[in-house]
Amino acid sequence: MINKYTKKSFLKEIIIILITIIFASPFYLLIVNSFKTTKEAYANPFGLPKELYWQSFAEVLSGAGVNADFAGALFNSLIITAGSLLMLIAFGSLTAYGLSRHPGKLSSFLYIFFVIGIIIPSQLGLVPMYTALRSVGLVGTRIGMILVYTCKQMPLTVFLYTGFFKSLPRDYEEAAVIDGAGFIKTFTRVVMPQMKTITGTALLLNSLYIWNDTMDQMAFLSGSKIRTLPVEIYSLTTAMTAQWNLVFAAVIVSLLPMVILYIFTQKKMMDSLAGGLKG
Amino acid sequence: MKTGIKTRSRQKKVGARVPWIIVIPGLVFALIGHVIAPLQGAFYAFTDFKGIGEYNMIGFDNFKEIFATKTDLYALLNTLKLAIPFIIFVNVFGLLLALVLYNKLKTKNILKSIYFVPAIMIPLAVTQVWKYILDYDGPLNIILRSVGLESWCKNWLGDPKTGLFCIFFVMLWQNCGYAMIIYNAGLASISEDLYEAAAIDGVTTWTKFRYITLPLLAPSLTVVITLMTVTGLRVFDQVLGLTGGGPVGLTQTLASDFYKQTWTLNRYGYGTALALILTLLVSIVGVLQSSILSKREGKMS
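Chains A and B supply the protein sequences, listed in that same order. This note's numbering puts the first residue of the first sequence at 1, with every later residue one more than the last. This note's numbering puts the first residue of the second sequence at 1, with every later residue one more than the last.
Next up, chain A with everything else stripped away, as it sits in the complex (with noise of 0.2 Å):
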């Protein structure tokens, strides 16, 4: 596969563009209808708007006419990420180092455990979790979700951390101990500041997973007040059918955090997912 550019390259180039012009041209789509009226949607779907037609996102945003609230949604969705998030990094990551400083039969048993939790799917668990947290009032609520979360994405988060901590040398916890520094202060100031690569990659997969995420949020939130970006688009598509303007709109709001995040993170969101993945 070494070889250097030549023109046979330069012909190869040009072909692979053009196939991913066509893998990217909803895209193009998308962003183009998005600025456009519906009539204009419909007279003229390829070309670029005529004039930049801004009311759509001034809608979907102030949820005027559209009876959504994307800004509403948009906090919501970042709340209930960001709170997952920091229950996964700090409990997985103590389950974690705890295992893999108590080697033994107990600790291989739950990590085994642990593994098999990130295959089977948590569609069946979903029931029990709802009429659990609905005993407690916590169904349409973000701590519920939080709570839901956390619990579906514990295995993965703790499978991530327990093969790193398992190659960590101990030189460095063994100093602090030897320092006299309590266990809190050694985990905190000596340990997971030399996660940070793993640490990375477990906030990735766990924020694509939760921010994406459809079913959950469906079921456990939907009708109530707290609505995330995946239900509010649920409901909006299903009530502004056709209306391809203001729905194409509503999903550019949804999708741009993400895709702001990636632009400014891609070679590093490519390389943790490959290889965090691989274990």
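Check the hints yourself; a few may be wrong.
[Claimed, not checked] Short derived list, chain B residues pointing at chain A, Cβ under 7 Å:
# : residue
1 : Gly33
2 : Leu76
3 : Leu77
4 : Phe236
To be clear, the hints were calculated from the coordinates, so they are not data collected in a lab. Don't be surprised by glycine CBs; every beta carbon is placed ideally from N, CA and C.
Model the placement of chain B on the given structure of chain A, informed by the hints.
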């Protein structure tokens, strides 16, 4: 030998300073989400639980009804019809993209980024663009009409056969970049020396691929297959976004049928019976795959 004993006792010392109790919160969350709740769910699958009030044990009645109801049976069949080709083609396209973009191309990084973008997007949201493209008055039919293929125009999402294919296609579009990234990392870990040696021996591109690239990609193959199996069998967002399971429930999948029965129709017991079937399906496929793949991986490397 001596150092071995020394490290061991040192390990023990640090181990003693790390209290066991820190394991508990994470473990409790995982146990609730992945043992207690699913077990209770499995129990509900044998009841007529409606979400509130009393419920009765009804044995296998839910399962009997599932296998006697056309739409539920379709949900099971559709799940397989979607997942099996999806797992195959997402691997093929992911690998092809990774191989093509592994060439020395000037725009390779930006191309990679573009292929990966759909994978980070809220599936339900990005699916709306496809719903528009495939709409009867949408761009696809407009293009067909303009090139004189008017007779090919149809309501793509309104016909169960083409609707299911559209769901499959959108799943592929969204996930092939993900597969590409994992294969790409696998390719990057293969030493250039092997290809240089092969070049000296004058072997063909196909031989290089078959005897160097493919065997060394075995670990990536395992990751992609495992990941995409779960994605494929659990498909929900694309169904909800494109066809909503319609027309008349003929494009439902197990996950979307589970959602509809449980949260739209409040048939919690019946819904969890569907979820139990899905769980068993994923578990069986998962166990089979991991035993086959780990054997194969061992052989190839």
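Provide an ascending list of the numbers of those earlier hints which the structure does not satisfy. When the structure is compared with the hints, numbers 2, 3 turn out to be violated.
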